[in-house]
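Participant: Protein chains in written order, with my numbering: chain A, 48 to 109; chain B, 43 to 838.
Keep in mind the hints are simulated off the structure, nothing from the lab. Honestly, I wouldn't trust all of these hints.
Ranges between beta-carbon positions, derived for each pair [what the hints assert, rightly or not]:
hint, chain 1, residue 1, chain 2, residue 2, range
1, B, I84, A, R90, 51 to 61 Å
2, A, E80, B, R618, 25 to 35 Å
3, B, E57, A, D102, 42 to 52 Å
4, A, M87, B, S143, 28 to 38 Å
5, A, L60, B, G154, 13 to 23 Å
6, B, S143, A, R51, 31 to 41 Å
7, A, L60, B, T394, 29 to 39 Å
8, B, T783, A, E80, 54 to 64 Å
9, B, E58, A, M87, 37 to 47 Å
Straight-line alpha carbon distances no greater than 30 Å define the calculated DSBU-like cross-link-like pairs of lysine-lysine that follow [said to hold, decoys possible]:
hint, chain 1, residue 1, chain 2, residue 2
10, B, K615, A, K53
11, A, K53, B, K294
12, A, K98, B, K155
13, B, K155, A, K53
14, A, K53, B, K82
15, B, K807, B, K155
16, B, K60, B, K155
17, B, K811, A, K98
18, A, K53, B, K78
19, A, K53, B, K74
20, A, K98, B, K615
21, B, K811, A, K53
22, B, K78, B, K60
23, B, K808, A, K53
Note that the structure is a prediction, hence the values are computed from the model and not measured. By construction, the Cβ of each residue, glycine as well, lies at the ideal position given by its N, Cα and C atoms.
Listed here are the chains, written in short residue letters.
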Amino acid sequence: MDVRSKLSQWRTLWRDFTGESAYEHYVARHRREHPDHEPMCEREFWRERAKFDEDNVSTGCC
Amino acid sequence: MEQQASTEIPSYTPEEEKLIIRNKAGVPVGVKPHVKMTWKKILLWVLVTALGVTGWTILALIRGEEVNTIWFVITAVCTYAIAYRFYGLYIPRTIMQPDDSNATPAERINNGKDYDPTHRVVLYGHHFAAIAGAGPLVGPVLAAQMGYLPGTLWIIFGVCVAGAVQDMLVLFFSMRRGGRSLGQMAVDEIGKIGGTVATIIVLVMLMIVLAVLAMICVNALAESPWGVFSVGCTIPIAICMGLWLRFVQPGKITQVSFVGFAALMAVIIGGRWVAESSFGQQYLHLTPTTLVWCMVIYGFFAAVLPVWVLLTPRDYLSTFMKVGTIVVLAVGIIVVRPIVEMPAVTEFATNTDGPVFAGTLFPFLFITIACGALSGMHATVSSGTTPKMIQKESQARMIGYGGMLMESFVAIMALAAAASLNQGIYFGMNTSEASIDKLAGTAITETTDNRNDITAEAVKNLGVTDAHGDTIQAAWDSWDEDGNDKVYTDGEAFEALANDVGEPHVTSRTGGAPTLAVGIAHILHQIGGGRTMMGFWYHFAIMFEALFILSAVDAVTRVARFQVSDAFGAFSKKFRDPSWRPGAWISTALVVAAWGSLLLMGVTDPRGGIQTLYPLFGIANQLIAAVALLLCCVMVVRKGHAKYVWIPAIPFVFDTAVTFTASWQKIFSIDPKVGYWQQWRDARALRDTLTDPEEISVQSDIIRNTFIQGTMSIIFLVCVAFVIVAALIRIIRTLQTKDTTTSEEPHQDSNFFAPTSLFATPLEKKLGKEYEIVGDPNLIPGKQSAAVEHADAGSR
Chain A
48 MDVRSKLSQW RTLWRDFTGE SAYEHYVARH RREHPDHEPM CEREFWRERA
98 KFDEDNVSTG CC
Chain B
43 MEQQASTEIP SYTPEEEKLI IRNKAGVPVG VKPHVKMTWK KILLWVLVTA
93 LGVTGWTILA LIRGEEVNTI WFVITAVCTY AIAYRFYGLY IPRTIMQPDD
143 SNATPAERIN NGKDYDPTHR VVLYGHHFAA IAGAGPLVGP VLAAQMGYLP
193 GTLWIIFGVC VAGAVQDMLV LFFSMRRGGR SLGQMAVDEI GKIGGTVATI
243 IVLVMLMIVL AVLAMICVNA LAESPWGVFS VGCTIPIAIC MGLWLRFVQP
293 GKITQVSFVG FAALMAVIIG GRWVAESSFG QQYLHLTPTT LVWCMVIYGF
343 FAAVLPVWVL LTPRDYLSTF MKVGTIVVLA VGIIVVRPIV EMPAVTEFAT
393 NTDGPVFAGT LFPFLFITIA CGALSGMHAT VSSGTTPKMI QKESQARMIG
443 YGGMLMESFV AIMALAAAAS LNQGIYFGMN TSEASIDKLA GTAITETTDN
493 RNDITAEAVK NLGVTDAHGD TIQAAWDSWD EDGNDKVYTD GEAFEALAND
543 VGEPHVTSRT GGAPTLAVGI AHILHQIGGG RTMMGFWYHF AIMFEALFIL
593 SAVDAVTRVA RFQVSDAFGA FSKKFRDPSW RPGAWISTAL VVAAWGSLLL
643 MGVTDPRGGI QTLYPLFGIA NQLIAAVALL LCCVMVVRKG HAKYVWIPAI
693 PFVFDTAVTF TASWQKIFSI DPKVGYWQQW RDARALRDTL TDPEEISVQS
743 DIIRNTFIQG TMSIIFLVCV AFVIVAALIR IIRTLQTKDT TTSEEPHQDS
793 NFFAPTSLFA TPLEKKLGKE YEIVGDPNLI PGKQSAAVEH ADAGSR
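So that you can see chain A by itself, here it is in the shape it has in the complex (with noise of 0.2 Å):
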């Protein structure tokens, strides 16, 4: 494996540990399952998910 698709793996695990992939894997599954209709843009997604954590926020603690 070279050192360009190793580092590109890094990253794919880095933006999923952030989160920051959220929108592309909805996206994505959006496309396979319903591609009769457009996806929610970016903002709207983001949106969505605040409201989605509003309710469901996960404890840390100790």
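Keeping the supplied structure of chain A fixed, place chain B upon it in accordance with the hints.
Facilitator: Showing chain B alone in chain A's frame:
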């Protein structure tokens, strides 16, 4: 090129084929557990064992020689490796029996939100970030009053047989039940009443935990303009990040976090200048009580504001700091390799005179170091959040057991940082002012007002000796005006230290956070920046701990608010609607009032809040662990593995012995240093003899506080005893009826493949390639974005 390679299904040898688990459609979904011991591997494990034994010998048996802190790291890593490899495999094999042909909740529901099959490395990071906080950093520092050895033994062995076992089992059992929470599982397994009592008691204990965490933060920031400024600035920085992510660049988390992190560094550096300015002198010297009100107001708003404003962006900062600091500290200890200044065991291990926390080694060491060895709080993370994201059942070992080992490692590093400090400095920082005055004696307190000199005298009278058996003396390596090395002693040591870290004073900064920050600064300034950077590193460490604590404060307040709303929902339906704002405000106000009043009580406690309230925190945390471990015992028995129930039962019995002895002593001990009710009686007797109104009010405070603390100890003990009896009845009934009907969700064929451990084996790599061709595209990591690019290319 790649296209061609990816269409070829790899071929397997007959031995390999035997190990592969395939579902009904023939798609590979896992690899059967198999261990092949080669000579090379045996030799490697012999070497690891030898190194571990050497480490333990140096830490535990060698006396009178200089011990290097690097041995903490080596010993810990070797012991963890052995535990993970052997015990960590034994438990899945005997009682968990993970089945990779069974779909996990993440695969079953897969809604792209909370149920989301997450790459094991990413999930490990999330799980670790959720369990690790201020607890594993502070506990070991406080426990260092007994010397480094008791804490080291408990942190390393405790995690292997107790903490990591609890986390892994709770994670696994919750995963088999669709990601149900600890409280829900308790209701299912123990019964409605026992389960409800367990849920309520966990909520009350959470309030104590928050109060103590907030108190640590308050103690670290009181009268510290630099700290108040830099930690205070995290709020506007987080809000700016939140606004930017909402309105300008949604989703650009990495960039925004880096900018936020840079801003944090800037305010830490600029903090010294602000603190020394007239503005800082005038407005940022906050008393502990003022800071309590700041915390309470902050906690309220953080919990009622939309998450994107403050909570989410601050979590990004907090995670950044968490990962960053832990890596930097590990590098620091490995590169600098400071010498241990503390003796292995001090006099305070056997008497109750310890100024940091009162009580003997058993049971109080085991409740002081809660997180890091065994923590009940983790059971709430291991049930509920993480199990909804795990890809394969067999990964429970890596996430649950492995995550907790990492937390223990953080605790060991905190202990190493504290152990490398001069003992006089350590005790001078961790003894409350009231105790210092008493120790120094009126002969000194009446002749001088200089806290540094009083403290320096007091530590000599502590009745504790250093590694050579001599009386301890405060000493600090620093520099004189010309930049030459100079060792300051006694009062001058505290003064030099305070100057070096840019604080008005460092004496009686209880709570563990400032001590750890000094320890970290002491190590890290040697690799980055030298003397001028000492203040930076100190405030960097304070910031790191404060961010953890603030994150916990708002997240837990929010979660507790939902629970309170739920409870009110039984009386008024309106409370059940989460979007009904007045309901959210009332519930939040109640939660904040609960921990806020405990916090205020602790901060204004005449005898020092850490010493009185910290044991209650430790007991609460370890009692939750007892409930969680007991729940594991019940589930193991009901699963039909009564033969192996000793695996969760050993830590359960030990933890119960610890918590019940500690509670018993806190309630019934007639030693006024230990027993809350003895303190209450003494204070009442003393108040009746007093005439000075000021002294009477001090005693009244003590009477009120000890009454509350004593009552809480009794309530905890009775409730947990009730839950234990209910659970034991359940176990006995199960054994009699041999009824092993499980509350696990029925088997559902998995259609997903992912490797089990951190590094994929060659066979797993081959299977991964096959899965990319034959598997469900919904579940193939990385395939999704590739699919989008293809679709884009196609549509063009």
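Participant: The structure should be examined with respect to each hint, and the outcome stated for every one.
Facilitator: Now for the hints, and whether the structure bears them out:
no.: 1; hint: I84/B - R90/A: 51 to 61 Å; verdict: 58 Å, holds
no.: 2; hint: E80/A - R618/B: 25 to 35 Å; verdict: 32 Å, holds
no.: 3; hint: E57/B - D102/A: 42 to 52 Å; verdict: 50 Å, holds
no.: 4; hint: M87/A - S143/B: 28 to 38 Å; verdict: 35 Å, holds
no.: 5; hint: L60/A - G154/B: 13 to 23 Å; verdict: 18 Å, holds
no.: 6; hint: S143/B - R51/A: 31 to 41 Å; verdict: 36 Å, holds
no.: 7; hint: L60/A - T394/B: 29 to 39 Å; verdict: 50 Å, violated
no.: 8; hint: T783/B - E80/A: 54 to 64 Å; verdict: 36 Å, violated
no.: 9; hint: E58/B - M87/A: 37 to 47 Å; verdict: 44 Å, holds
no.: 10; hint: K615/B - K53/A; verdict: 54 Å, violated
no.: 11; hint: K53/A - K294/B; verdict: 22 Å, holds
no.: 12; hint: K98/A - K155/B; verdict: 12 Å, holds
no.: 13; hint: K155/B - K53/A; verdict: 27 Å, holds
no.: 14; hint: K53/A - K82/B; verdict: 28 Å, holds
no.: 15; hint: K807/B - K155/B; verdict: 28 Å, holds
no.: 16; hint: K60/B - K155/B; verdict: 36 Å, violated
no.: 17; hint: K811/B - K98/A; verdict: 37 Å, violated
no.: 18; hint: K53/A - K78/B; verdict: 29 Å, holds
no.: 19; hint: K53/A - K74/B; verdict: 28 Å, holds
no.: 20; hint: K98/A - K615/B; verdict: 22 Å, holds
no.: 21; hint: K811/B - K53/A; verdict: 16 Å, holds
no.: 22; hint: K78/B - K60/B; verdict: 14 Å, holds
no.: 23; hint: K808/B - K53/A; verdict: 17 Å, holds
In summary, the numbered hints that this structure violates are 7, 8, 10, 16, 17.
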